[in-house]
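K.L.:
Here's the letter readout for the chains.
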Amino acid sequence: MSVAVAKPGEIKHNYLNAGDTVRSWLLTTDHKRIAVLYLVSVTLFFAVGGLLALLIRLELLTPQGDLMTSENYNRVFTMHGVVMIFLFLIPAIPAVLGNFLVPLMVGARDLAFPRLNLASWYVYMAGGLIATWAMVNGGVDTGWTFYPPYSSSYSTSQVTLTIIGAFLVGFSSIFTGINFIVTIHKMRAPGLTWFRLPLFIWAHYATSVIIVLGTPVVAITLLLVAVERVFRLGIFDPALGGDPILFQHLFWFYSHPAVYIMILPAMGVISEVIACFSRKRVFGYHFVAFSSVAIAVVGFLVWGHHMFTTGQSVYAGMVFSLLSFLVAVPSAVKVFNWTATMYKGTIEFRAPMLYVMGFLGLFVIGGLTGLFLASLATDIHLQDTYFVVAHFHYIMVGGTIFGYLAGLHFWWPKMTGRMYPEGIAKLAALIIFAGFNLTFFPQFVLGYLGMPRRYHWYPEEWQMLHVMSSAGTALLGIGYILPIFYLLWSLRNGALAGPNPWGATGLEWKTDSPPITHNFEETPIVTEEPYAYENHHQQEEVASGTGASTTKG
Amino acid sequence: MKGVPLLPDTASTFAQQVDLLFWFLTAVTVFFTLLIAGLVLYFAYRYRRGSPASRAGAKETDLRLEIGWSLIPLTVGLIVFVWATKLYADVYGPPPDNALEIFVIGKQWMWHLQHPNGIRENNELHIPAGRPVKLTMISQDVIHSFFVPAFRIKRDVLPGKYNVVWFTPTKPGKYHLFCAEYCGTQHSRMIGWVYVMEPAEYEKWLASGGEARPGAIASGAGTMAGVSTASLVQAGEQLYKQLRCNACHGATDGQRGPTHYGLFGKKVKLRDGTAVVADEAYIRESILRPLAKVVDGYEPIMPSYEGLLNEERTLQLVAYIKSLKKPVQTAEVRP
Ligand code: HEM
Ligand SMILES: [Cu+2]
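Residue numbers (the numbering used here), protein chains in the order written: chain L, 1 to 553; chain S, 1001 to 1335.
Since the hints were made in silico from the structure, they are not lab data. Please note that the accuracy of each hint is not assured.
[As the list claims (entries may be wrong)] Within a straight-line C-alpha distance of at most 20 Å, the following computed EDC-like cross-link-like pairs (lysine to aspartate or glutamate) qualify:
#1 S:Lys1059 x L:Glu460
#2 S:Lys1107 x L:Glu529
#3 S:Lys1174 x L:Glu71
#4 S:Lys1059 x L:Glu71
#5 S:Lys1134 x S:Glu1203
#6 S:Lys1174 x L:Glu529
[Unchecked claim] Every beta carbon over 10 Å from chain S, so not counted as near; a handful from chain L, in silico:
#7 Asp20
#8 Leu58
#9 Ile181
#10 Arg188
#11 Val314
#12 Leu376
[Unchecked claim] Take a look, some chain S residues computed to stay more than 12 Å from chain L by CB distance:
#13 Gly1038
#14 Arg1049
#15 Ala1058
#16 Asp1097
#17 Ala1099
#18 Met1110
#19 Gly1118
#20 Pro1199
#21 Gln1238
#22 Gly1257
#23 Lys1267
#24 Thr1274
#25 Arg1289
#26 Pro1290
#27 Pro1303
#28 Tyr1305
For each residue, glycine too, the CB sits at the ideal point set by N, CA and C.
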């Protein structure tokens, strides 16, 4: 069946069919269309990063680097990191789901600065393409952390070009951050007080604050590396009179909070999905809201835990270690609250809910292994080993991607007006969960054994663990590819969703799916607390009669 | 392809203590992971849609619970913090005085090690069991990191600055030495072996000038071609004379420059009114960038030796100056 022959009255005028020229997409200022532009670009970059990951794991199947040269291996893992961090993890949830949902959730017609929003996509694409161009034109081999003096004085690869790319992408996220902050402050619908805001909005608010305060620092820091490279000014290279540790302070001042830029939006998604499929208000709404803010604030104070082995003073180490333990508390609170939300709920196992449950598992493992790295004595051993690689993949890759996929599935009917096939979506979630753990769990063991990260060759006795990890990657790859197919399939063939297929609360569900160009026929007025789910099963019948129940897998 | 190793070697006095904390953290991790996973799965099953379980009395919030479970991670965190920090202060504190001092120079892509008696090794380090070893390390180019998993030690090796790490090996054997900070193309080849030897064997090894290698593969690749027999201090002394440092630095203060006898470890008053302790870093800086810290009472006239000396030669000078003790025998240093 095709879009046009839907039941009369079902497909109305909406943001998708408001114009179908390329021009109408490329010059749009509609936040929903910009979200779709981001969705397409972010997915493409994820595919690039994923292929590079496959190459890394293929290479590490054997202890002798026999698939590529060391030089190429270094370029591959650097580009994998750069693409995944700057072009996928940081923008994924804010730029796709946030862009689409923030105005809808606050009952606004658009973001505060629609043209700035479009500009952010162009700047992002420019940065992404420059980085890609650098990759095909010789590549970069510094690691995504760009530590000088290697990056500023020694590397002969395309460092400057890549830095320009990352710099631009940073500005695109600053634009998005400013837009969110102003929109959330100024454009909430009548009656939508701060404590009636969905937790997704709280999470994006906290994220935006980090972006706006932190990103300029890393942008300037990377620029200084480029300046040192090009003009030979002594900023970081001791041979020129600079200080290489200064770079690390500046870099991690942003890049530690950056992990919260990735994970906080995911936490926002989790709160929405878990409330909906438990049919309950998120337990301890205020604690969850404030813990986002607490994470954003304390997250700025822990950067030094990346530098325990540089020879920084013992006292500095102690302070950074203590603060790192403190920042773990709000994260733990969220996990307890989400778990308590399920207690006495009415739980429905839809695909987004499976991702949420997977998220909880990965996030707990990722978070707790962070304690090993916050502890001075154990960090000395584990720093810069595969233990760290496993830890950050669990927390920021596992956490963010599970959050992103949960959100994408949850709001897919809203964005497209169509349901996806539920059975295969659940299968994909299970495959991704299994593949993820098989890939990254052995890396904890490898790290404890002493396997340093960014190694192309490794001692033979560790091969079996690497083989397990590589096998996991193949499984994970299959898991990631599945959604691309069934989501695309659903665009034509999925059952019609109707405005609110899940029976969810929240303003975004009060308008059509897909929403009309101006979001709402008339400005909504909010009179309720968020998540006003009534907790008994009869309520479930809200969902029936829509496409949701017909495609249940 | 052998089996699947799960535990690293344990070959220093730190290793067991660090492991104890590691296993405690592992226990905490396993406990909370199972707890949360158990609860999530149990709730998911028990309160699944359509199940008859009672939902009466579900709460939206509960201050006592919230505070309670904020305190749990806080308490666990603080316990681990105190434990880990105390352990860190104990085991990674300043090296003991009787430590065997070895110098390490990291360069793309090789570890270069110098023993006090002049033996030099590349990518291999021979040390006796049971005696503390102190490594004074510097990089000639980019940042490297000296990592011996079996000892549970790692310390970044920076250009332009001496970093120190120490440990006491306990178990004779052969252990991996890695570079843990990404340093460019051959980063994963910047590896080597640490040979911990029985003290008697070590003596034999020393006596043979580093040629005898019981228990090790006698590949010959380890030692530099043409082992220098001059000790570090002797080499430093020769250099000191060659560079005519003694033209200004005499046996006592009051020459054009301050004396070096008894300098190491002394508190030095500077022109700007501050004071520094004369450690290796200070001595190195004063050789390469003499104007950075000018000693009180002297004119800033010393030339910079930056660019003239590589790290190895700088080390020799530092070692020589360290060796100059009071009381003074004037005859030795007359220009
Ligand atoms: C199929 C899944 C993946 C596999 C098998 C994989 C594998 C790896 C491996 C083995 C490394 C370590 C390279 C090294 O240190 O020698 C690495 C680094 C990294 N990965 Fe992944 N990865 C995967 C997915 C992702 C995803 C989805 C992201 C982010 C969205 C990501 C982000 C990173 C980052 C930031 C680094 C650090 C790069 C660096 O050291 O410069 N990875 N990955
Ligand atoms: Cu190195």
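K.L.:
Tell me, which hint numbers fail for this structure?
P.N.:
Failing hints, ascending: 1, 2, 3, 4, 6, 11, 12, 13, 14, 15 and 25.
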